[in-house]
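We have chain A already, so just place chain B on it with the hints.
Taken in order, these protein sequences are the chains called A and B.
Numbering-wise, my numbering puts 132 at position 126 of the first sequence, and it's gapless, one number per residue.
Numbering-wise, my numbering puts 1497 at position 227 of the second sequence, and it's gapless, one number per residue.
Since the hints were derived computationally from the structure, they do not count as laboratory data.
Careful, some of the hints might be misleading.
Stated by the list, open to error - Computed list of chain A residues with no C-beta within reach of chain B, every gap over 10 Å: (1) 208; (2) 241; (3) 244; (4) 288.
Claimed, not checked - Straight-line alpha carbon distances no greater than 25 Å define the calculated DMTMM-like cross-link-like pairs of lysine to aspartate or glutamate that follow: (5) A/49 with A/242; (6) B/1377 with A/295; (7) A/151 with B/1435; (8) A/60 with A/34; (9) A/165 with B/1447; (10) B/1478 with B/1336; (11) A/49 with A/202; (12) A/189 with A/208; (13) A/151 with B/1490; (14) B/1342 with B/1332; (15) A/311 with B/1490; (16) B/1333 with A/180; (17) A/294 with B/1356; (18) B/1461 with A/180; (19) B/1461 with A/183.
Computed from a predicted structure; not experimentally measured.
Just so it is clear, CB atoms sit at the ideal spot from N, CA and C, and this is done for glycine as well.
Given next are the chains, with one letter for each unit.
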Amino acid sequence: MKLTRRMTLAAFAGMLALGTAAPAYAADLIAIITPSHDNPFFKAEAVGAEAKAKELGYEALVLVHDDDANKQSELIDTAIGRGAKAIILDNAGADATVAAVQKAKDAGVPSFLIDREINANGVAVAQIVSNNYQGAQLGAQEFVKLMGEKGNFVELVGKESDTNAGIRSKGYHDVIDDYPDLKMVAQQSANWSQTEAYAKMESILQANPDIKGVISGNDTMAMGAYAALVAANRKDVIVVGFDGSNDVRDSITAGGIKATVLQPAYAQAQMAVEQANDFIKNKKSPEKEKQLMDCVLINGDNAAKLETFALTN
Amino acid sequence: MGRPSPPFSVGADRHAEQQAAMLNIKPTWPILVVAVCISLTACKILPTPSGDGGNSAAFNPDKMVEDIWAAKVVPYLQRKAGPFAEVHALAKTDPASAGAKYGNPNKQANSPWTFAVRVEGKIIAANTGSRAATMDIDVDGDGKADARVQIGPAMRGTALRDSLDFIQFNDFTNQIDFAQFGKAFNAYANKTVLSKLPRDALEGRTAKVLGAYTLESGQDLPLVTPAEAEIGPKP
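The shape of chain B in the complex, shown without the other chains:
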C-alpha cells in the first residue's frame, strides 16, 4: 500500500494526525495506513439512487410501434379479426376459445382476454364533449348500441398491444416500458387515423373500424380501440 494520492491525502492525513495526536505518538507511515483503513471502514456505503424507475434512455416505444405498425400490426389485425357480433357472442360464452381464435393466447395469467374485431354499422350516439371521445355503433340494425369505439385524442387501455400474439411482457425491462409501449399504439392510431376523422354530426353516419377490445366486467359497452377507422358521409 503506497502513499495516498494528493486529493485524498489531505483529509486522511489530518484525520491520521488527530488520531496520532490523541495517541500521543509521532505519526509514522504504518500508523497512517492503519488510521486510513479505520477511517474507511467507518464510512457507510450508500446505495446509488435508482434513477427514474429503470426507464432506459434508449427505449423508444413510439419508434417501435411506427416500425411494426404497417408491416406487422395491421396485417395481424386484418388476419385475426372477426365481425364484432360473432366475436362478442363467443367471448361471452367461451372467452378462452375466443381469445385463441381472435386474440393472444399467451396473455398474462390473470389479465382479461383481448380480441381483434371489425366493427361495421351505424353510429347511433357520440360523445365528443369528452377528450376521451367515443362513438356508439349499432352493428345488427336493432337500433341499440353494441360497441363503443374510442376516437381520441385521450384513449383508455392497451387493447391493441394486448391483442398481438407476438408481444410479450417478458421481452420488456419492466412494466413502465411495457405500458408506454402499449400507450404508443394508441398515440400512433390517434395521430395517423383518428385525428383525421370528422367530429360533428356523427349520429346516423356509418362507421367501419378495425381494432381490438378487452373483455372487462362492469362495462356499459365493449370499448374498441381502432387501428383503422372510416366514417361515412352525412346521411
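Here chain A stands alone, though its shape is the one from the complex:
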C-alpha cells in the first residue's frame, strides 16, 4: 500500500514535470477533423490542412468522425484535452455540430469550419464553405442540356446526416424541376458510397430500363452507378457527379461520365489553416465568418486541367 502510494506520487510528479516541460519545445497543435478518408475528397482536405499547418510550424492532429455527431463530440473533447490551439473541422451535421463547436469555444479553442456550414453564426471563427447550391445548379444545368431537356432520370442522394447531401439535392431540383419533360423515376440514397451506388443502380435499372440519365450527389456514387451501367451494357446513360475527383476526371476524358462539379477542397482547407494561424498569432478574425467559395463545372472542355481537387491554368 505504502509502496503503491509512493509510486503514484512519483508518477504524478513525473507527469507534472512533463506537463510543464513539454510546451517549452513542443510545437502548438492544430486539430484537423473530417469525415472518413475513404472518400478522396475528405482526404484532400486533411492532407491540404496538415501540409499548411506543418509549413506554418504547427503539429497536426488528424482525426475522422465518420459523419457521426457523437464521435465528433468526443474528438472535440480530445482536441480540447490535448490543448489544441485551433480546430479545423469538416463537420457532421449543421444542427448537431453547433453544441460541439460551442463547447470548444467555451474551452478557449477556436474552430475554423470547412466544406459544410452550421446553422449558427458567432460560434465558429470562420466557416469557409463550398457553395454547394451554386455548384449543384451548375451540374444540373449541364445535366439538363445533356438530356436535351427531356427524359427519365435517376437521382442518387448522399448521406442524410450530411448537410451537403440535402443542399445538393435541392440545388439539382431547383434547376431540373423547371423542366416538366424531365421525369425523376427513382431517387435513392447510396450514402456517398461507391459499392452501395453500384448495387442501387443495378436494381433501379432493372425496374426502370428506360432511363436516360443519372445525376449523383457525389463522384464516388457516380463512379459506382457508371460501373453498374457499363456492366449492364448501358453506356448510353448520361451520368453527372459532384466533387471533381481524379477518378471522375479520368472517366470524363475517357468518354464515360459526362460532367462533375469541382469543389476547391485542398485550397479551402489551406485557407482555413491560414486564418487559424492569423487568429492564434495576431488575434485576428477573418472579415466575414461565412465565406462562400464558388464551385466550377468540369466537363470534357476542362477535365484535363483537374488534379487533386484543384484546377491548373
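Relative to chain A, chain B alone:
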C-alpha cells in the same frame, strides 16, 4: 430522488427486479434507484435529426423579393446600370473597377463580378424552343450578337441578387436560404415581366432590357437576367 412516475416505473421496476433477482436480494428502494441509474447510463443518447438542412419555415424568399422589388431593386438597377457596351468593355479590362461602379463591391471572395446593365438593340436570334429561352441582342449595329438575354420561364444564375450591394450572404442562415432568395428574383421577374413578352418572330424586333449579368469564363455570350424588358413591334 423520489419514486419514478408511473409511465416510466413499469419497465424500470422490471429491470430493477431482474437485476435484484440476479443478485439474489430483495428489491428495496435504494437498490431500485441505483438500478435505474445504471439502466439510464447504459442508454445511448442519439442526436435529434437535423430536419431538411436548416431551411426554416418562416423564411419566405418570394415575399422578401416582392417587398423590395419596386422600392429598392428596380431603383438600384436604374441608378447603377450602364449601357451594355460601356459596362462590358470595362468588365473585360478591369473587372474590379467595373464591379465597384456597376455592381456589388462587397461580393463573396472568389465569386465572379456581377454588373447592372441596360441592353438596347436589335434581336438577331432567339431560342424559344428551350424552356430556358433566350434572345441574342446586337447593341452596336454590327449585325453580331453582343449579349444573350434570358426570357424564361427557366432561368440560370443569380445575377439580379448578386448585383445588389445591400444583400449579403452573412445575413442569411445558410446557403439554401441564400440560393432560394436568389432564385426568387428570377421567379419574380418571370412572373411580372418575362411571361408577358411575345415569343414568336422575335428576330428583327428591338429590345430594351434593364438587368444584370455575371462575368463568367467559357461563356459564348454574356447572359443577362432582366428585371425590366420591352420588345418592340414586328418590323
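- Would you list, in rising numerical order, the hints stated earlier that this structure does not obey? 5, 7, 17
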